[in-house]
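Next come the chains, spelled out residue by residue.
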Amino acid sequence: MDDKQIIDLYWKRSETAISETDKKYGRYCHYIAYNILYDEEDSRECVNDTYLKAWEAMPPHRPNRLVTFLGKIARNISLNRYKYNNADKRSAGQVPLVLEELQECIPSAVSTEQVIDDLSLADIFNQFLSGLSEERRNIFMRRYWYLNSVKEIARDFEMSESKVKMSLLRSRNELKQLLEGEGIAL
Amino acid sequence: MKEERLLNVFGMVDDKYIVNAAPESLLKKREKKSHVARKRRRYQIKMLRFVAVLIIALMSVWFFQTPAGAAVVERVQEQVTRMIEILFPPKEITITPEGLTEEVAHSAQGKEPEADTPGFAIYVDTEQYTMTEEEGIFYIRPIEATDSLLPAIEMVIIELPDVLPETAAKEAREQMEGDWETITEIVRSTEPPRLYYEAYAGFAWDSAIEEHYFCKNGQQGTYHIILRYFMEATEGAGMRFRAMLNTFTVIAPQDAIDLP
Chain L
1 MDDKQIIDLY WKRSETAISE TDKKYGRYCH YIAYNILYDE EDSRECVNDT YLKAWEAMPP
61 HRPNRLVTFL GKIARNISLN RYKYNNADKR SAGQVPLVLE ELQECIPSAV STEQVIDDLS
121 LADIFNQFLS GLSEERRNIF MRRYWYLNSV KEIARDFEMS ESKVKMSLLR SRNELKQLLE
181 GEGIAL
Chain D
187 MKEERLLNVF GMVDDKYIVN AAPESLLKKR EKKSHVARKR RRYQIKMLRF VAVLIIALMS
247 VWFFQTPAGA AVVERVQEQV TRMIEILFPP KEITITPEGL TEEVAHSAQG KEPEADTPGF
307 AIYVDTEQYT MTEEEGIFYI RPIEATDSLL PAIEMVIIEL PDVLPETAAK EAREQMEGDW
367 ETITEIVRST EPPRLYYEAY AGFAWDSAIE EHYFCKNGQQ GTYHIILRYF MEATEGAGMR
427 FRAMLNTFTV IAPQDAIDLP
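Protein chains in written order, with my numbering: chain L, 1 to 186; chain D, 187 to 446.
One thing to keep in mind: the hints can contain errors.
Said to hold, decoys possible - Capping the alpha-carbon separation at 20 Å, the derived lysine to any residue pairs in SDA-like fashion look like this:
| hint | chain 1 | residue 1 | chain 2 | residue 2 |
| --- | --- | --- | --- | --- |
| 1 | L | K23 | D | V205 |
| 2 | L | K176 | L | D123 |
| 3 | D | K356 | D | Q406 |
| 4 | D | K202 | L | D3 |
| 5 | D | K297 | D | T433 |
| 6 | D | K188 | L | L97 |
| 7 | D | K202 | L | R137 |
| 8 | L | K12 | L | W55 |
| 9 | L | K24 | D | L212 |
| 10 | L | K24 | L | W55 |
| 11 | L | K4 | D | T332 |
| 12 | L | K165 | L | G181 |
| 13 | D | K188 | L | L169 |
| 14 | L | K23 | L | E45 |
| 15 | D | K188 | L | I106 |
| 16 | D | K188 | L | K24 |
| 17 | L | K53 | D | N194 |
| 18 | D | K188 | L | L178 |
| 19 | D | K188 | L | G26 |
| 20 | D | K402 | D | E384 |
| 21 | D | K188 | L | E180 |
| 22 | D | K356 | D | E396 |
| 23 | D | K188 | L | K4 |
| 24 | D | K202 | L | I106 |
| 25 | D | K202 | D | Q406 |
| 26 | L | K4 | D | D392 |
| 27 | D | K188 | L | F128 |
| 28 | L | K163 | D | P209 |
| 29 | L | K165 | D | E189 |
| 30 | D | K188 | L | I184 |
| 31 | D | K202 | L | K165 |
| 32 | D | K188 | L | D123 |
| 33 | D | K188 | L | G181 |
| 34 | L | K83 | D | R191 |
| 35 | D | K188 | L | D117 |
| 36 | D | K202 | L | K83 |
| 37 | D | K188 | L | W55 |
| 38 | L | K23 | D | L212 |
For the record, the hints were derived by calculation from the structure and aren't laboratory data.
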């Protein structure tokens, strides 16, 4: 079933919408959730919550792209669950490592002039991503959007882990330079 | 924490980056499948062509022995040795649609020059696209019909006999103002020499895009070439069109050769 038909099912309030979504994008949502939570049961719950959110949002919303609409919901829910589960400690999984790496992108206080909202910051991220080569962009996305481990990225892109790390390091430095160049404070 | 904010806001980046980076096994199965299917289809077409050529060759041997066949020989020769095919033999062009490098067979098509009017040649990926002429305007469109709800995918070649490229580009751009969300300024490139600008209906995955190119027709006129596709097809049809466009060549009347 194509995405338009699935969205139509949501709009008709047909419960088949959920089963069709699960059939087509269940694995994708689970993949996103599991990379964040590293827990099978929590991931399954987050995927179900994703479907519930989608059910609540459609109608009135009609997403341009169902896959990324679901992916973004799954990512948000899973990150919130992660925070709730680990309020006072840092657990296993990629999130603590990714957060540590992202500290390197934070502009130094001296160079910053303006605090911007999330949407404007997302625009800057888009600008940054558009300037990367396709390979570096996909590696960066796999690490910081999908929260893949370096090992998984190296396997999927058929390169050494050190090459992946180097690519990520360069990208983080470039992002930091871009933020500093724009005079942005977080 | 600031790094948490970065991680959260990073979740809001453009959809195309999210989809492009998704693991193949999760999302791109269908695309990959269609790539394999396309390769299989190309093989089938090649085989069919081979069988067809074989049958025609066998029939020709018999047919050309007859008086009627001999009369046809002259006309067939004329068709087969068309000027463009002589000047621009078929070739393979390397393109990288959606990150996958392909050697794609292209055949030259176009308009032959006449005594006082120029013509043109352009290499077309004839396995996936077809060129037609409608009232003097040439269209290159996908052979397989695209979704009618999506913006058009086509290349349009229009000859404007008495308008210089500068004027044609300025007028075309002015006519589009107000109808398009973004229109870039007219830019002049030297290699190849032409003027161009782009128009965007928006930045959603299905937003229409037009690329307009203007080059001299060898006289006092212009070839106006339009590439039409939509955002999602930038790396696919857009790239294939640009590969074809790069082969566009004006044939001046003096370059016409007499066919035997």
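Results for each hint:
1. Of the supplied pair hints, the one linking L:K23 and D:V205 holds, its CA atoms being roughly 18 Å apart against a limit of 20 Å.
2. Among the hinted pairs, L:K176 with L:D123 is consistent with the structure: their alpha-carbon atoms are about 15 Å apart, no more than 20 Å.
3. Among the hinted pairs, D:K356 with D:Q406 is consistent with the structure: their alpha-carbon atoms are about 16 Å apart, no more than 20 Å.
4. As the CA atoms of D:K202 and L:D3 are separated by approximately 16 Å, the hinted pair is consistent with the 20 Å bound.
5. Taking the CA atoms of D:K297 and D:T433, the gap is near 14 Å; set against the 20 Å cutoff, the hint holds.
6. For the hint pairing D:K188 with L:L97, the CA-to-CA distance comes to about 15 Å; that is within 20 Å, so the pair holds.
7. Between D:K202 and L:R137, the direct Cα distance comes to roughly 11 Å. Compliance with the 20 Å bound is thereby established for this hinted pair.
8. Note on L:K12 and L:W55: the hinted pairing holds, with a Cα-Cα distance of about 11 Å set against a maximum of 20 Å.
9. Pair hint L:K24 plus D:L212 holds up; C-alpha atoms about 9 Å apart against a cutoff of 20 Å.
10. About 16 Å separates the Cα atoms of L:K24 and L:W55, which keeps this hinted pair within 20 Å; it holds.
11. A hinted pair counts as satisfied when its Cα atoms are at most 20 Å apart, and L:K4 with D:T332 qualifies at roughly 15 Å.
12. Only pairs whose Cα atoms come within 20 Å are accepted, and L:K165 paired with L:G181 is rejected, the gap being roughly 24 Å.
13. Between the alpha carbons of D:K188 and L:L169 the distance comes to roughly 18 Å, so the proposed pair stays at or under 20 Å and holds.
14. Of the supplied pair hints, the one linking L:K23 and L:E45 holds, its CA atoms being roughly 16 Å apart against a limit of 20 Å.
15. In summary, the hint linking D:K188 to L:I106 is supported, as the alpha carbons are separated by about 7 Å, within the 20 Å threshold.
16. A threshold of 20 Å between alpha carbons decides the hint, and for D:K188 with L:K24 the separation of about 35 Å lies outside it, so the pair is violated.
17. At most 20 Å may separate the alpha-carbon atoms for a hinted pair to count; L:K53 and D:N194 meet this at roughly 18 Å.
18. Between D:K188 and L:L178 the CA atoms are separated by roughly 16 Å; this keeps the pair inside 20 Å, and the hint holds.
19. Between D:K188 and L:G26, the direct Cα distance comes to roughly 31 Å. Violation of the 20 Å bound is thereby established for this hinted pair.
20. A threshold of 20 Å between alpha carbons decides the hint, and for D:K402 with D:E384 the separation of about 19 Å falls inside it, so the pair holds.
21. The hinted pair formed by D:K188 and L:E180 meets the criterion: a straight-line CA distance of about 15 Å does not exceed 20 Å.
22. For the proposed pair D:K356 and D:E396, the alpha carbon gap of about 15 Å is at most 20 Å, so the pair holds.
23. Note on D:K188 and L:K4: the hinted pairing is violated, with a Cα-Cα distance of about 38 Å set against a maximum of 20 Å.
24. In summary, the hint linking D:K202 to L:I106 is not supported, as the alpha carbons are separated by about 25 Å, beyond the 20 Å threshold.
25. Our distance criterion of 20 Å between C-alpha atoms is broken by D:K202 and D:Q406, whose separation comes to about 43 Å.
26. Only pairs whose Cα atoms come within 20 Å are accepted, and L:K4 paired with D:D392 is accepted, the gap being roughly 13 Å.
27. Using a Cα cut-off of 20 Å, the hinted pair D:K188 and L:F128 holds, with the two alpha carbons roughly 18 Å apart.
28. Between L:K163 and D:P209 the alpha-carbon distance is near 19 Å, which keeps this suggested pair within the 20 Å criterion.
29. For the hint linking L:K165 to D:E189, the alpha-carbon distance of about 18 Å falls within 20 Å, and the restraint holds.
30. Restraint check for D:K188 and L:I184: satisfied, since their Cα atoms lie roughly 12 Å apart, inside the 20 Å limit.
31. Pair hint D:K202 plus L:K165 does not hold up; C-alpha atoms about 24 Å apart against a cutoff of 20 Å.
32. Note on D:K188 and L:D123: the hinted pairing holds, with a Cα-Cα distance of about 17 Å set against a maximum of 20 Å.
33. Between D:K188 and L:G181 the CA atoms are separated by roughly 18 Å; this keeps the pair inside 20 Å, and the hint holds.
34. Simply put, L:K83 and D:R191 have alpha-carbon atoms about 13 Å apart, close enough for the 20 Å limit, and the pair holds.
35. As the CA atoms of D:K188 and L:D117 are separated by approximately 13 Å, the hinted pair is consistent with the 20 Å bound.
36. A hinted pair counts as satisfied when its Cα atoms are at most 20 Å apart, and D:K202 with L:K83 does not qualify at roughly 27 Å.
37. Under the criterion of a C-alpha separation no larger than 20 Å, the hint pairing D:K188 with L:W55 is inconsistent with the structure, at around 32 Å.
38. Taking the CA atoms of L:K23 and D:L212, the gap is near 12 Å; set against the 20 Å cutoff, the hint holds.
Of the hints listed earlier, those the structure fails to meet are numbers 12, 16, 19, 23, 24, 25, 31, 36 and 37, in rising order.
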